[in-house]
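Enquirer: Using the sequences provided together with the hints, build the complete structure.
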Amino acid sequence: MGRIAELERWAAGIKPDLTFLLDVGVAEGLARARSRGGEPDRIEREREDFFERVRGVYLARAAAEPARFRVIDASQPAEAVQAAVRAALADWLQARP
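When the letters of the sequence shown are read in order and numbered with the numbering used here, they come out as residues -16 to 80.
Hints in this document: simulated from the structure, not taken from any laboratory.
What you were told as hints is all true, and nothing was included just to trick you.
Computed beta-carbon distance windows for the label pairs:
no.	residue 1	residue 2	range
1	Val37	Leu1	18 to 26 angstroms
2	Ala50	Glu22	38 to 46 angstroms
3	Arg19	Ala47	26 to 34 angstroms
4	Gly(-15)	Leu13	22 to 30 angstroms
5	Asp24	Glu(-9)	16 to 24 angstroms
6	Glu31	Leu76	31 to 39 angstroms
7	Ile26	Leu76	27 to 35 angstroms
8	Arg17	Trp75	29 to 37 angstroms
9	Ser58	Thr2	16 to 24 angstroms
10	Arg17	Glu48	30 to 38 angstroms
11	Arg30	Asp74	32 to 40 angstroms
12	Val37	Pro(-1)	17 to 25 angstroms
13	Trp75	Ala(-6)	18 to 26 angstroms
14	Gly(-15)	Arg17	28 to 36 angstroms
By construction, the Cβ of each residue, glycine as well, lies at the ideal position given by its N, Cα and C atoms.
Expert: Now the structure itself:
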């Protein structure tokens, strides 16, 4: 978790007010990556337990910062994911002072 937070600080330099976490199970995510074709990159060649750990860290971060994170079920069709993101953004904007 600390490593991911450090990468976020290094890459972005700021902490966003709102973060969308598009969550999908590891098996489905890997299947989607493979369906794109081409050679898998270094990260895509990692074992499933690596992706389970990474997913777990992001879900833990979302649970620790519920005011910031919106977890969206990304196993849905793209249109449903887009609608969920739009709805979460609208709710967040409406709640702002």
